[in-house]
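Got chain Z; can you put chain S on it based on the hints?
2 protein chains.
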Amino acid sequence: MTTDTRWKGLARAKQQAILDAIPAKWRIQEPIPPAADLRDCTGTYIQQFLTPREIEMTESDAVSITQHTTVGLWSAVDVTEAFCHRAAIAHQLVNCLHEIFFDEAIAAAGVLDQYFAQHKKPVGPLHGLPVSLKDQFHVRGVETTMGYVGWIDTFEGVKGDARARTFESELVKELRNLGAVLFCKTSVPTTLMAGETANNIIGYTWNPKNRHLSSGGSSGGEGALIALRGSPAGFGTDIGGSIRVPAAFNGIFGLRPSSGRLPYEGVANSMDGQNIILSVVGPMATSARSLKLLTKAVLTQSPWKYDPLVHELPWRSSAERTVQELIDGDPCALTFGVMHHDDIVLPQPPVRRAMHLIERVLRRRGHQIVNWRPPPHDICLAIARQTFQSDGGEDVQAHLDLSGEPPLPQCLISKSDSLNARQIAALNVRKRQCQKSHLDYWNSTSKLTSSGRPVDAIICPTAPHAAVVPGQFRYIGYTSFVNTLDLTSVVIPATYASKLLDRPEPRDPASFMSHEDMEIHSDYDPLIYDGAPVGVQLIGRRLEEEKILCLAEYIQAFCVEPFMSAEKTQVWGC
Amino acid sequence: MTTDTRWKGLARAKQQAILDAIPAKWRIQEPIPPAADLRDCTGTYIQQFLTPREIEMTESDAVSITQHTTVGLWSAVDVTEAFCHRAAIAHQLVNCLHEIFFDEAIAAAGVLDQYFAQHKKPVGPLHGLPVSLKDQFHVRGVETTMGYVGWIDTFEGVKGDARARTFESELVKELRNLGAVLFCKTSVPTTLMAGETANNIIGYTWNPKNRHLSSGGSSGGEGALIALRGSPAGFGTDIGGSIRVPAAFNGIFGLRPSSGRLPYEGVANSMDGQNIILSVVGPMATSARSLKLLTKAVLTQSPWKYDPLVHELPWRSSAERTVQELIDGDPCALTFGVMHHDDIVLPQPPVRRAMHLIERVLRRRGHQIVNWRPPPHDICLAIARQTFQSDGGEDVQAHLDLSGEPPLPQCLISKSDSLNARQIAALNVRKRQCQKSHLDYWNSTSKLTSSGRPVDAIICPTAPHAAVVPGQFRYIGYTSFVNTLDLTSVVIPATYASKLLDRPEPRDPASFMSHEDMEIHSDYDPLIYDGAPVGVQLIGRRLEEEKILCLAEYIQAFCVEPFMSAEKTQVWGC
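Residue numbers (this note's numbering), protein chains in the order written: chain Z, 1 to 574; chain S, 1 to 574.
Derived from the structure by calculation, the hints contain no laboratory data.
Keep in mind that this is a model prediction, so the values were computed, not measured.
Mixed in with the good hints, there may be bad ones.
No distinction is drawn between identical chains; accordingly, a pair holds when it is met within one copy or between any pair of copies.
Here are the simulated DSS-like pairs of lysine-lysine, each with C-alpha atoms no more than 27 Å apart in a straight line [claimed, not checked]:
id, residue 1, residue 2
1, K499, K8
2, K25, K447
3, K499, K547
4, K415, K499
5, K305, K547
6, K447, K8
7, K436, K305
8, K447, K173
9, K173, K121
10, K8, K159
11, K296, K547
12, K436, K173
13, K415, K8
14, K159, K25
15, K121, K159
16, K159, K296
Next comes chain Z alone, as it looks inside the complex (with noise of 0.2 Å):
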């Protein structure tokens, strides 16, 4: 047997034992649509294959599921069977599972039934909630793989290791401590470095808005699932914008929270020990008091703790009621730095009305808007790519060795030279350089504002375009510079990208500020996004998090929503 052929054996098996997984009462019997006769496979398409009370269920947040579940008005095992139906229906629409384990989650559910029972109170704030997790996080009972055909019936790609099926991440134990429900692992592009999600086991993960489009990645399989509403919430991982990237695509919030905040430890990473710029672990769900939910309810374990990593932060509600105050203040008293463009890419013509909208909307509230003019961000993007490429590829190389199998074209790694230390020092300083920069930058806006206050916060593009066509996922500057920064930013979903309202537009050739930018500027096709969903980021200050979770409840509550209901009767021109 050729490596080729052993490794596509491997991941065939692999591919099939996901799909067995769900159980013959919830496969789709009849044949899916093509994407070009069934664009959008959320809301009444999938819903045909759901009770209305699993739609009851399924379509409400994770707020409002604890808001029954933790008061007994819906069981556990009710909810979890709703949703483990849900995921497996949107795994044959999308393929964004990796693994499956409903039957452990409905027994899991089943105790918490029998707890609320007998003590008449949930055993915690998340009592009852299905949690989706990318499957970066170690779950007992079932594998990792992270894409790795070579990480197949391993423990994080290591032969015979005791760890395997049985070790569990600390989010994972802390999120058992809080009562979710875990019921599945979502799919990731092999290494995590990229913006579109697809390996050799499962395939592509497709977009359930517009099925010609990808999910974004790397937690793509988290933002499709939450997308059709598969799971209320899961966590994903963000190093240069892969929490963020499938928010925005999918139409979803996510949080990227500063490094140290949440728990990263015992989940498995490309990198591992890359600190330069950190990893982080967030929350991603369909709706910004859920990010808040989740948030608020790990911080409830200490996980600095149980995590060497993470700061001694609890959940602040000074924070929280020092923001609730401006809110209520009258006149409202906030101000938002507002970057259309990052002078490098200028975002094609959906992105560019979702940011001139949700300007619209916040100034129409009485808010100050401020041009946000930082330092260059070239310099923030130079830092993040020379950091994925600090060791050369040879970790993800490395991994994909141990099977033979290929990488994925939409991998942002490529062979190169590795760093050493004296490199990765002089790194690290124009990082803490670059870093300094814009705090003096983001202090000197108090000189803009009528409040006296520096910026609040920043509205920027999450990227250059709506959920992307695959392949032209060409530029991560407008999230990975927040990595960089290690600043604290929350998507929200703006708007979806309209044949009929974002129409070409010619541009000089001269205008074009990058060769990035003429490419995605030609990308752009307004039949084949037409319907793509495009979130914003709202971003804080590094470890403002209770800051920027409220506002975002705010925004979505008073300003994203109002206006995503009149988009519908496209009442609002532009």
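Just chain S, lined up with the frame of chain Z:
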């Protein structure tokens, strides 16, 4: 002119310039007795050069000084002049200063006095408090050599850099905002990577309590100056023990906070950008409460707004209250983990006695003592050593090469192979796993305590010996594990080596735990060590500065001071 002649000329000129900055009226006229005739130059010896008023001021701790200066009882100018005078004497006795700027200090103090006269209130909580700084901090008007001859007349080795003599480190700006008066910068060993303080510019910094011995390193100038009361408080840095070793050797207090607590922004460093183990900034002073004053004061400046690596952690009074409640509880319910040795090197008799004394005193006050048996310390030590050698010594060599000066024999860095990116990542993973195993061990001690809480703090040696005989600083394991684990540690003076009490104890050669253990055992000489300070560490979890400073204050007041007085009359036996 040969290279050798050139650097020696530059070094001598700089050495002379430092001496020349001492006003003629403060020069010691008569010859200073050799160490054989004058072992201890603190106390009455140095007092002979000062007025009673100067003695009163300079022998007050930072808290007492600010209690006078912030209400107008003492003028900033008077206090500053007293400390300038005493620092000038101190330098002549033990060679502890790199930069002297008394005129600027007295002028700045004058401005503070004017402010107070005009506004009837202090500029800030450190109004009129002289604060010394290790010669890594940039202060306008003077240079920073960090002991490198090649840095003379440059900015961090770069000739013609406009920041020379103008740029100020973030902490320096914050100290000015708080009302502190900066007046001198203190000596360091070239490269900073040494447990003794010596360089080719000023020579050797001697221990004021025993002039045969070292002042420790790398913040040895701070340690010696503060021990001589030439400064009430100062700031050092610590990557392997550089605050704690000189604090212990000089009989003063020193805080090594966790990384990200106090601002390092804009401070010169060795191997800048090495971020496997981060060097940290911390205060050194003559009392635990002074460390608290300085830490708390700096945190009022919101350093996280100006230093991208500082976490948003203001001083947490709630943590302070929690500890105070434990202390005030009846019975007082604190539990200390005591580690008499680390299974690698058995401390010499004075340190063993100090540890037993502290343990006994704590037991007598009703505290529970748990035998601290953590995961192996040799792993922590290996991680620290590999970190310090990670660039193969290239950075320090490059700075030595600027002038052609030779390295010092005390330097812990040697030439080796530089690590590459994957090796550094692997080292970071080992470090994280090491931190995790210690965290789990710490949590597990809840099973050993009557309180049901994990151990409140650890007590262990700072070094295997009292202030060391020059050339015999062989082992950093007692301090560097704190850096590897990123814990919080305060050094508390415990006792003095005594030729009468600390007799050498023969050991079976089979009992030696390591080569260093054997060497350090045979190094011990009761005659030369007689009078050398011994300090122990009080260690808290990561970022528990509030807790550990409060405990240090408690231990100083109720455990150590009564005992230290008793010791003087030798009534306590052993």
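Verification of the hints:
1. When the C-alpha separation of K499 and K8 is checked against a cutoff of 27 Å, the pair qualifies neither within a copy, at 40 Å, nor between copies, at 76 Å.
2. Within a single copy, K25 and K447 get their C-alpha atoms no closer than 63 Å, and across copies no closer than 49 Å, so neither meets the 27 Å cut-off.
3. In this assembly of identical chains, K499 and K547 lie within 27 Å of each other by CA distance neither inside one copy nor across copies; the values are 36 Å within and 60 Å between.
4. Proximity of K415 to K499 under the C-alpha cut-off of 27 Å is found in neither arrangement, the shortest distances being 39 Å within a copy and 64 Å between copies.
5. Taking identical chains as interchangeable, the C-alpha atoms of K305 and K547 lie at most 27 Å apart whether they share a chain (24 Å) or sit on different chains (15 Å).
6. In this assembly of identical chains, K447 and K8 lie within 27 Å of each other by CA distance neither inside one copy nor across copies; the values are 60 Å within and 51 Å between.
7. Taking the closest pair of Cα atoms, K436 and K305 come within 27 Å of each other only across two copies (9 Å); inside a single copy the shortest separation is 30 Å, beyond that limit.
8. Within a single copy, K447 and K173 get their C-alpha atoms only as close as 46 Å, which misses the 27 Å cut-off; across copies the closest is 21 Å, which meets it.
9. Only within a single protomer do K173 and K121 lie at most 27 Å apart by alpha-carbon distance; the minimum there is 20 Å, versus 53 Å between protomers.
10. In this homomeric assembly, K8 and K159 come within 27 Å of each other (Cα to Cα) only inside a single copy, at 19 Å, whereas the closest approach across copies is 60 Å.
11. When the C-alpha separation of K296 and K547 is checked against a cutoff of 27 Å, the pair qualifies both within a copy, at 12 Å, and between copies, at 24 Å.
12. Taking CA atoms no more than 27 Å apart as the test, K436 paired with K173 passes between copies only; the shortest distance there is 15 Å, against 36 Å inside one copy.
13. For a Cα distance limit of 27 Å, the shortest separation of K415 from K8 inside one copy, 24 Å, qualifies, whereas the shortest one across copies, 48 Å, does not.
14. In the homo-oligomer, the alpha carbons of K159 and K25 never lie at most 27 Å apart, since the shortest distance is 35 Å inside one protomer and 77 Å across protomers.
15. For a Cα distance limit of 27 Å, the shortest separation of K121 from K159 qualifies neither inside one copy, at 43 Å, nor across copies, at 70 Å.
16. In this homomeric assembly, K159 and K296 never come within 27 Å of each other (Cα to Cα): the closest approach is 37 Å inside a single copy and 51 Å across copies.
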